[in-house]
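Just need the whole structure built from these sequences, with the hints factored in.
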Amino acid sequence: MNAFQRTNVVFRREFRSYFQTPLAAVFLVIFLFLAGLFAFNIGGFYNRNQSDLRPFFQFHPWLYVFLVPAVSMRLWAEERRTGTIELIMTLPFGVTDLVVGKFLAAWAFTTVALALTFPMWITVSWLGSPDHGAIFVAYLASALLAGAFLALGSFLSSLTKNQVIAFVLCAVACFVLLLSGFPAVLDFLRGWAPRGVVEGLASSSALTHYESMMRGVIDLRDALYFTLVIIAFLVLNVFAIDWKKSD
Amino acid sequence: MLALRDIRKSFGAVVAVDGLSFEVGAGEVFGLLGPNGAGKSTAIAIATGLLTPDSGSVDLLGLGSPSSPAVRMHLGLAPQEITLYDDLTARENLTFFARLYGVRDIAARVDELLTLVELSERAKDRVSTFSGGMKRRLNLAAALVHDPQLLLLDEPTAGVDPQSRNRILELVRGLAASGKSIVYTTHYMEEAAKICDRVGIVDRGRMLEVGSVAELLARHGKDTDLETVFLTLTGRSLRE
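Going line by line, the protein sequences match chains A and B.
The opening residue of the first sequence carries number 3 in this note's numbering; numbering runs sequentially from there.
The opening residue of the second sequence carries number 43 in this note's numbering; numbering runs sequentially from there.
It is possible that part of the hints are untrue.
Rough simulated footprint, nothing fancy, chain B against chain A, three-plus residues with beta-carbon under 8 Å [said to hold, decoys possible]:
#	segment
1	121-128
2	140-153
3	227-234
Just the calculated beta-carbon pair ranges, DEER-fashion [unchecked claim]:
#	chain 1	residue 1	chain 2	residue 2	range
4	A	Phe21	B	Gly106	39 to 49 Å
5	B	Gly106	A	His134	52 to 62 Å
6	B	Ala165	A	Pro185	52 to 62 Å
These aren't lab readings, by the way, just hints derived from the structure by calculation.
Backbone N, C-alpha and C fix where the C-beta goes; we use that ideal spot for every residue, glycine too.
Here it is, written out as structure tokens:
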């Protein structure tokens, strides 16, 4: 059995497990409800008189700050709590296939949630003539942002057997990752911090790269940023599990 | 089959295993007995490759250390905790692990194991609905799914009813009769006396005595039993 097949076995088991608990239904309902509420009530979807989905996508990072940790918190903390990690660690292969399989399942689940917002796209298409390419890129940006947060959450979940701790750690880490690119924070820093520090902080922020893509332009640097964040945290995830395997 | 030689392992200032050595032959049930904190679980973790010893060596089937994935293919572990997915059925649990091990003809193997542990009729039920004894039996089946040569059973009868315990003991003897080597840890002395070919009594990370139950009893006087020998060697003071 090769690595791809093992990853696929883990992916299928994990993806299915979301739908065997109330988690899937709760997550999907809350995500769809809040995404709609923010877009229509706070984002002023109708008042703007523009046929785009900017009011919809601009709130995704803040929604993900507490919804993505709800998905990622159980990835490894649950294995630690139940003790199944012990059996998993004696399987005759490395842990990388398991990390990737679990991450992909979580990512696929959040992508399903995102895909269920397609009525927004239909609505805006019916009301006007939006730039479909830009909307597609914004969806891609949202999926990449969710992936980056999930990779971070998966890593943090591997450090504890307590799902609540995993949730809080992930929510705070995602918040910090966003906040470092928040205009108010950057403006505050510009007053006294060296320019290089401010620019470095802005470029390391998920928000900066997300907003850049949300405008509908695929910049290689933005795509590369999310890809590298995902890979970096998955690598850390593998090391963390190996490091704490006997706990 | 399995050889631990002069194993030492410390966690900070705490010495968990201090020069522990033992060997387990083909078809042998080796009982690893000791009070809480004696170093049994650490020894098992080292034997499975979960922990790396500070010094000493582990050899499985002459292939080397179980830290190598290829060597781990030959060992099966039933840990002290139930390591099953509650949200899956008995069949799904075994199928999941069989797939990861790359077992051929998974359906037949899973059927065989469910029959072996007498859970065929509950194959489609979720593990969350199982009693402690049923979970223990399924846990044992999960350790056997890839037909390993060496089985490490860490207190496999903890918290089960006499019927399930009896079935598990019969299974262990049957597996040994088929040529499998088994390391068996337990706190129940009568269990060890019943099924182990040899036992090793461990305390404070050291092997205090090793031999067949008959040999141990002969060394400590004819009219004694294994529990008395155990208490004589490890002391009667309470452990944390």
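Structure-based check of each hint:
no.: 1; hint: 121-128; verdict: violated (count 0)
no.: 2; hint: 140-153; verdict: violated (count 0)
no.: 3; hint: 227-234; verdict: violated (count 0)
no.: 4; hint: A:Phe21 to B:Gly106: 39 to 49 Å; verdict: 42 Å, holds
no.: 5; hint: B:Gly106 to A:His134: 52 to 62 Å; verdict: 59 Å, holds
no.: 6; hint: B:Ala165 to A:Pro185: 52 to 62 Å; verdict: 58 Å, holds
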